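Student: Okay, here's what each chain looks like letter by letter:
Protein chains: 2
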Amino acid sequence: MEQKQILSVYLGAFVDELTKQGVSDVIISPGSRSTPLALLMAENEKINTYLHVDERSAAFFALGMAKAKKKAVAILCTSGTAAANYYPAIIEAYHSRIPLLVLTADRPHELRDVGAPQAMNQLHLFGDFVKVFIETALPEGTERMCHYIRSTAARGVSTSLTVPAGPVHINFPLREPLVPDLTVTDLWDHGILKREQHVDVTRGQKRLSEAQIVDYVSLFTTYRKGLIVCGQQSDERLAEAMVLLSEKTGYPILADPLSGARSGGHKGDHIVECYDTFLRSEAVVESLQPDIIIRFGDSPVSKAFSLYVQKHANALQLIVDEGAQWRDPSLIGAEMVYCNEALFCHDVAEALPTCTDCKWLSTWTELNALTKEQFATIHTYEDLFEGKAIPILQKTLPEGATLFVGNSMPIRDMDTFFEVDQKGITIMANRGVNGIDGTISSALGAGTDGSPLVLFLGDLSFYHDLNGLLMAKLYKLNATIVVMNNDGGGIFSYLPQYAEKKHFEVLFGTPLGLDYEHTVRMYDGHFARVETWNEFESELQRGIHEDGLHVIEMKTDREKNLHMHRTLWNNINDMLTKHITSRERS
Amino acid sequence: MEQKQILSVYLGAFVDELTKQGVSDVIISPGSRSTPLALLMAENEKINTYLHVDERSAAFFALGMAKAKKKAVAILCTSGTAAANYYPAIIEAYHSRIPLLVLTADRPHELRDVGAPQAMNQLHLFGDFVKVFIETALPEGTERMCHYIRSTAARGVSTSLTVPAGPVHINFPLREPLVPDLTVTDLWDHGILKREQHVDVTRGQKRLSEAQIVDYVSLFTTYRKGLIVCGQQSDERLAEAMVLLSEKTGYPILADPLSGARSGGHKGDHIVECYDTFLRSEAVVESLQPDIIIRFGDSPVSKAFSLYVQKHANALQLIVDEGAQWRDPSLIGAEMVYCNEALFCHDVAEALPTCTDCKWLSTWTELNALTKEQFATIHTYEDLFEGKAIPILQKTLPEGATLFVGNSMPIRDMDTFFEVDQKGITIMANRGVNGIDGTISSALGAGTDGSPLVLFLGDLSFYHDLNGLLMAKLYKLNATIVVMNNDGGGIFSYLPQYAEKKHFEVLFGTPLGLDYEHTVRMYDGHFARVETWNEFESELQRGIHEDGLHVIEMKTDREKNLHMHRTLWNNINDMLTKHITSRERS
Chain A
3 MEQKQILSVY LGAFVDELTK QGVSDVIISP GSRSTPLALL MAENEKINTY
53 LHVDERSAAF FALGMAKAKK KAVAILCTSG TAAANYYPAI IEAYHSRIPL
103 LVLTADRPHE LRDVGAPQAM NQLHLFGDFV KVFIETALPE GTERMCHYIR
153 STAARGVSTS LTVPAGPVHI NFPLREPLVP DLTVTDLWDH GILKREQHVD
203 VTRGQKRLSE AQIVDYVSLF TTYRKGLIVC GQQSDERLAE AMVLLSEKTG
253 YPILADPLSG ARSGGHKGDH IVECYDTFLR SEAVVESLQP DIIIRFGDSP
303 VSKAFSLYVQ KHANALQLIV DEGAQWRDPS LIGAEMVYCN EALFCHDVAE
353 ALPTCTDCKW LSTWTELNAL TKEQFATIHT YEDLFEGKAI PILQKTLPEG
403 ATLFVGNSMP IRDMDTFFEV DQKGITIMAN RGVNGIDGTI SSALGAGTDG
453 SPLVLFLGDL SFYHDLNGLL MAKLYKLNAT IVVMNNDGGG IFSYLPQYAE
503 KKHFEVLFGT PLGLDYEHTV RMYDGHFARV ETWNEFESEL QRGIHEDGLH
553 VIEMKTDREK NLHMHRTLWN NINDMLTKHI TSRERS
Chain B
3 MEQKQILSVY LGAFVDELTK QGVSDVIISP GSRSTPLALL MAENEKINTY
53 LHVDERSAAF FALGMAKAKK KAVAILCTSG TAAANYYPAI IEAYHSRIPL
103 LVLTADRPHE LRDVGAPQAM NQLHLFGDFV KVFIETALPE GTERMCHYIR
153 STAARGVSTS LTVPAGPVHI NFPLREPLVP DLTVTDLWDH GILKREQHVD
203 VTRGQKRLSE AQIVDYVSLF TTYRKGLIVC GQQSDERLAE AMVLLSEKTG
253 YPILADPLSG ARSGGHKGDH IVECYDTFLR SEAVVESLQP DIIIRFGDSP
303 VSKAFSLYVQ KHANALQLIV DEGAQWRDPS LIGAEMVYCN EALFCHDVAE
353 ALPTCTDCKW LSTWTELNAL TKEQFATIHT YEDLFEGKAI PILQKTLPEG
403 ATLFVGNSMP IRDMDTFFEV DQKGITIMAN RGVNGIDGTI SSALGAGTDG
453 SPLVLFLGDL SFYHDLNGLL MAKLYKLNAT IVVMNNDGGG IFSYLPQYAE
503 KKHFEVLFGT PLGLDYEHTV RMYDGHFARV ETWNEFESEL QRGIHEDGLH
553 VIEMKTDREK NLHMHRTLWN NINDMLTKHI TSRERS
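Residue numbers (the numbering used here), protein chains in the order written: chain A, 3 to 588; chain B, 3 to 588.
Isolated chain A, as found in the complex (with noise of 0.2 Å):
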């Protein structure tokens, strides 16, 4: 067989295998040494490609692309620093156990580590964060190592699969000439490359024992003031499990933007929403002294929460994670539970009795509630408050659409400001490692499972992912953008730097000054600059009803802010106290 035909038998069956294992997704950086895998993806026609030339961006769209889609995405980019561009999305997809599998080309053995151009050591590239590293051999064109590189395929997709889902890295070692032989009769309908996927994967999922079982029904009868508290996860499924934990123990559900909770078709009565604002007063957190608390998903977003935990560490923590990872941030004693947490919610209820006493649960939801009506006084702000424009984005978004969230400031709006509601948005930010990069490229990547895409960032995110805007130009996305641009560093007001007054503003504030029509306008975007929640609310109609790109910016004032913020803290807090002081007389 000559070389290119080998190319394309070996990696063909590569490329094969992986959409028979169900990747549908690549995306590519352009490149000479990944010349064969690319061209043998376009030329499959089970595969989407897309491309990007900015490497750390296309891995974030990618990251983007598996979350809202729930299944493995590919990436692939040439040798040489090409790779190392993905790194923050895959330490990202990591820590947010996002299925992405990470293709890179190489120089064969005898290019590497002797000068030769654009080779350096690809092995082991991303350290401990991808869940295995594989290194492929030479392609060759006997049936045996077109079954390994197929394997391999098989290997590296349900590895990022299997729970805790998560990144793989498989290194393409390629020789000269780079040009597969497309002409091989049907490749993929006959020869060599028709095979049935020979590796399939069930995988079946942590369960708890009937023994267990009973013991964690005995502790949820004994202690009756429990919390169901749930971070950022991704099984749909989950939201309604915990409604039904929650029916029978009577312990409220603490529902994080990010835990698939606060909107959707679950009851949401016993869903509490408001705690990032009424645990940050003191009076509160003295009254509500837990017995119990079970987490699900990743820490929440909320740090009045982890204060509220640190401050009742004789509570008993239950950590549920299917996962098996260590999640407890509060080292104060905890119960880890291995276990998949809807089967977790579901075999516990359904061995519970309904709780009866609902008191523990009314004080928090009339808490939540009395909460809620003071946030309903944000109506009647005209200042361009940050806070003020989440309500408006929710009453704007049509049902099932996405809202994507930067870090930073906007995710904890969103956690503040978010209510509960029916319309089933799906709620996402890049809470792995609460990065600020790569936030456009995600939010267009989730975006391409065809749900109305809306992002609320700030302006030092939006700039920091602007190479990402590309991708909306070049395949015609659909997505509204708005950027909350305080002109540089929103959250260190918030912070103790900021009584620093003499490098605060060169270090943290970091104003940039950037008029970002000119980028939006390069990228084809439509640009509004809204000064008025009317026009912003229009906007955002025509944002999320017209085609293309649109980028809302508004301006908005640190300093006036962070005063409305505390202004808003403070007026709840002396509410609450009130309220607190009237029940304990009462």
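Keep in mind that the hints are not guaranteed to be accurate.
[As the list claims (entries may be wrong)] The calculated lysine-lysine pairs, modelled on DSS-like cross-linking and capped at a C-alpha distance of 30 Å, are:
id	chain 1	residue 1	chain 2	residue 2
1	B	K475	A	K475
2	B	K503	A	K478
3	A	K503	B	K22
4	A	K503	B	K475
5	A	K475	B	K503
6	A	K6	B	K504
7	B	K48	A	K562
8	B	K503	A	K48
9	A	K133	B	K133
10	A	K22	B	K503
11	B	K48	B	K475
12	B	K6	A	K305
13	A	K313	B	K6
14	B	K478	A	K504
15	A	K504	B	K6
16	A	K557	B	K478
17	A	K504	B	K504
18	B	K504	A	K48
Just so you know, these hints were derived from the structure itself, not from any lab. As the structure is a prediction and not an experimental result, all values here were calculated from the model.
Assemble chain B onto chain A, guided by the hints.
Tutor: Here is chain B on its own, set in the frame of chain A:
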């Protein structure tokens, strides 16, 4: 001592020692965890702080600065994916031997791997691409620990500078509170921080023994047909030293554009710079059988040269490298000489008699001259041929300018068309791993040494690092950027995948269709799209002599460019073949 005083004393000692070891520039990316280091650096008068939101660009800016200033430059960022964005620049620094001091703030041990926000495993984050990884102790205010952290600073800087230079990673676990006490009276003049630096490093250079010199003298007087070949390297003394050696041996100097030998005060008549062109001619390659090749620096850019070496595999190759690495991608056998390159030339040249037989030398210089004559014809080209931009650039650049060159086609065109001159132009490129990333940032960083700066690159490299332009705006840097915009990846037209028409444009041509004028305006730059050579020259003059950022775009056609390159090479090949045939006949 209070925690904030401990921060000042301990981290202040670190920062103070950096300055004592000669570090005067730090590029900071905003973040919370890195607050104490950022504030202490901003407070230190001996340190210039630069701020960049995008850590990827920040690191490349530092790389360019370290390259130009020939000293260690530090970068500082917060915990999480921020640091991962440094990876491409770190890899480039490692392979191009640039002293980069990578400082990352980290969560303390108790917040690692427990799901704490923005925490990830930063130990050995950059794998084998740093010369040393140091995890520092948590800040303590004792004298011993201040000595420890001061010693760590000295060690970090020293390791980064020791041949082969390269990046060093120091990771700082830090606990809240993160704001140091800047009021500690006269922190850097009195008290605990006032100490002379307590580690000073004297570095010797590897030098041949008398006996070894005698061996090489004997070798060079026996082998008459030799070549001195120099790739990328940064020792300013080497060009003159190679000229000395060449005068004694009669070996021509094949000087890569990044060798530092194409432009400068040394004598140029032994320097051959057109080998990339004339070694494309089979007849020429056949006629030039060398006995010995002495290589300095990286492998040269020229592929024609590396094929020439392969063709004459019997020639003895000496690879001189004080960095003691393995710079031989030819794999055909070589003698490694671990010795300071300039000292090697001096010591051997001093012991050598002057060569009297200049036939071999004149054969090379004659071919070089003939090729140059042909190059002169491109002055008559009216079409926008990318190669013609180089002589115009070279003519227009003032003495002592820095010419930073993008990878892919621009560096190859530079290799082909930049002729030896006496202007002392420093040509730079990121040739460690040849990435298209970070080019704008690297160039702007290189320009901070005060020399007039021109960056010459293609549109994909320009696109990849658009964020890099921020530095020009924030720090009012003077720079002229020439973008050869062929709307995509020009280099691929020269490679075999060009034959694969079906997917070529999508996967390799990758036209982005972006109007960069928008972005340049966002950064307050002046943008000019030139359509004639006169316009090009006058915009170049303007860019070089006016303050601020100037971007000159020349739209070229990939097809036409390919054709013009090929025609030129074919003409030269015909001419040289005739020349050699007639010479052999006579």
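Student: Regarding the pair A/K504 and B/K6, is the alpha-carbon distance no greater than 30 Å?
Tutor: It holds: about 16 Å lies between the C-alpha atoms, which stays within 30 Å.
Student: Need the status of pair B/K6, A/K305: alpha-carbon distance at most 30 Å?
Tutor: holds (23 Å)
Student: Are the Cα atoms of A/K475 and B/K503 separated by 30 Å or less?
Tutor: Given pair A/K475, B/K503 holds - Cα atoms ~24 Å apart, limit 30 Å.
Student: Are the Cα positions of B/K503 and A/K48 separated by 30 Å at most?
Tutor: holds (21 Å)
Student: Tell me if the straight-line CA distance from A/K503 to B/K475 falls inside 30 Å.
Tutor: holds (24 Å)
Student: Given the proposed pairing of B/K478 with A/K504, does the C-alpha separation stay at or below 30 Å?
Tutor: holds (22 Å)
Student: For the pair supplied as a hint, B/K48 and A/K562, confirm whether the alpha-carbon distance does not exceed 30 Å.
Tutor: Between B/K48 and A/K562 the Cα gap is close to 36 Å, so the pair fails against 30 Å, i.e. violated.
Student: Does B/K503 lie within 30 Å of A/K22 when you go C-alpha to C-alpha?
Tutor: holds (28 Å)
Student: Going straight from one Cα to the other, do A/K133 and B/K133 come out at no more than 30 Å?
Tutor: It holds: about 26 Å lies between the C-alpha atoms, which stays within 30 Å.
Student: For the pair supplied as a hint, B/K48 and B/K475, is the alpha-carbon distance within the 30 Å limit?
Tutor: holds (23 Å)
Student: Within a Cα-Cα threshold of 30 Å, do A/K504 and B/K504 meet the stated pairing?
Tutor: violated (60 Å)
Student: Could you grab the alpha-carbon distance between A/K6 and B/K504 and see if it respects the 30 Å cut-off?
Tutor: Holds, at about 16 Å.
The structure fails hints 7, 17 (numbered hints given earlier, in ascending order).
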